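K.L.:
In case you want the letters, here they are:
There are 2 protein chains.
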Amino acid sequence: MLPKFVEFREEGPREAFQMEKKIFPLEDRVAIIDALSETGLKFIQVGSFVHPKAVPGMADIELLCSKIKKKENIRYNGVWLNKEGFDRARKVPGLYLKGDLLFYTSDTFARRNNNRSADDINADQAQLADYYLANGLQLEAAFIFPAFGCNFEGDTPLSKVVNLAYDIKKISNEKGFKLPIIGIADTMGWANPEEIKRRVGAVREILPDARISLHLHDTRGLGAANVYAGLEIGVSIFDSSVAGLGGCPYAGHKGAAGNICTEDMVFMCHELGIETGIDLEKLIEASCLAEKVIGRQLTGKIMHSGVLNRH
Amino acid sequence: MLPKFVEFREEGPREAFQMEKKIFPLEDRVAIIDALSETGLKFIQVGSFVHPKAVPGMADIELLCSKIKKKENIRYNGVWLNKEGFDRARKVPGLYLKGDLLFYTSDTFARRNNNRSADDINADQAQLADYYLANGLQLEAAFIFPAFGCNFEGDTPLSKVVNLAYDIKKISNEKGFKLPIIGIADTMGWANPEEIKRRVGAVREILPDARISLHLHDTRGLGAANVYAGLEIGVSIFDSSVAGLGGCPYAGHKGAAGNICTEDMVFMCHELGIETGIDLEKLIEASCLAEKVIGRQLTGKIMHSGVLNRH
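Going line by line, the protein sequences match chains B and R.
Residue -9 is where the first sequence starts when you use the working numbering, and the numbers rise one by one after that.
Residue -9 is where the second sequence starts when you use the working numbering, and the numbers rise one by one after that.
No wet-lab data here; the hints were simulated from the structure.
It is possible that some hints are incorrect.
Any copy will do: because identical chains look the same in the list, a pair fits if it lies in one copy or spans two.
[Claimed, not checked] Listed below are the simulated DSBU-like cross-link pairs for lysine-lysine, each with C-alpha atoms no more than 35 Å apart in a straight line: (1) K150 x K272; (2) K32 x K60; (3) K187 x K32; (4) K11 x K282; (5) K150 x K(-6).
Values in this document were obtained by computation on a predicted structure and should not be read as measured data.
Okay, chain B solo, but in the shape it has when bound (with noise of 0.2 Å):
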């Protein structure tokens, strides 16, 4: 079940510079862009849409795009969370914009993420689309999250996951279009392997003709075993982070790891004969710049032990 191709979806960027309390100076950000730009990755989440007061690291988000050395084929993507965000988003030349529609199983979680409920966003989710679809974006995710466990609200219910799909299968059914992708998120670091495979499962179930993307972090460990379950059950899609850069501003945990890390589950593809269209050395060479730029031993492996070699 393994599948042949896995693509990541580079996060570092954004997933770091949102929650660094420094302000780290723009060209080394660049930097790092221009780095990742030159693995063969192919999408490259480069910051966010939001309020410099929520956020101040990404205040100067339309300034770095403007710097960063845009290749072809790469797609630089941004991301938001209100009409604010993406009208801003949408005035930066050469962004890769996307409708994604977000779904929320947590209220404490949706308040402190987006100051809004999880009821009042997972509604305005159908209204959404057709406003991206009017707007000449394509809908290509629909994200659950947290679809495995809360900080503020204990484990997930299966059943909110599940319902949520149901939800989506609901509006895809009544707009007429099909969501590519179903993105399921452990924000928090709460999944575990076999959860993994039940929650894919169950989506899957649900919406059969949707590939299923996995957004997973390391906080407690158990990152590279998740996505490894994910293999096994065939899911080819993760987002991660170089360096295993970032964490989430809002869930409430300060010096834990953060996202799974590029590189290291990039080994991991390649060590089971997973093809991943990216140059692993070169990745390692973006991964040791980060490094250098956020000042501290960050948590990724294989750019501290460096690859097999194999002679």
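Assemble chain R onto chain B, guided by the hints.
P.N.:
Coordinates of chain R only, in the frame set by chain B:
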């Protein structure tokens, strides 16, 4: 196929203090072991009886053994690489000695680790078994290492592992004893989850009555995935290190991650519904103490994020 109960064999005290350049105060090293004794761990490897010039951090192993507060039902174990080491270990009161046979797949690694050729060491093991039996030790395990790959010789051919498993079977048949455990060691972090399944499966076919133990390092970030792959095929003994301490001083890469982290893997087992007999909160306390003693952030994850808050 997941096991109902997994035994973790704690190797942190040995793995850490054999590789750290600095000599840490005896009372700090004793305090870590004493903290580990409160966690429910039943096997704690306190150090090794090796030449003080080769491993200065183990020079006072006898004194350390005399200072730890030994609890009943815990096996405090020490390792040795030759008869001189064994002669020192057997003089230490309260230490649990077991006769382990060590089979090397890599000649270069054998020479670096033990100053002798792999063939010489492997050929000695039958005689060594007699010697241990004559000295009243139980023969507990035969280890094959490195069983996946070697930083000096590259991928370990599966045939080398298989041939050593046949050698072990032959010795057992000739001598009329059964080794209850076959240890498969990924000393330098070359394993991946599929190879775990392949190699464990191959050894089990040859030695179906033995339990398999896995000794894994997280050198390249696949530790958790490799543990999960082992669990999926019913492996129920893992060597590990609190806080992810350790590494191998002769493996030839500095700054790399150490062994799989005991508390992160205990956490995974508990999340998967597998019992371990370990009090995770107490283990995290021991882990935090180890970090304080070592004086830098260690690689364990859950010690920094905390366990799941299920309310």
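K.L.:
Of the numbered hints stated previously, which ones are contradicted by the structure, given in increasing order?
P.N.:
none
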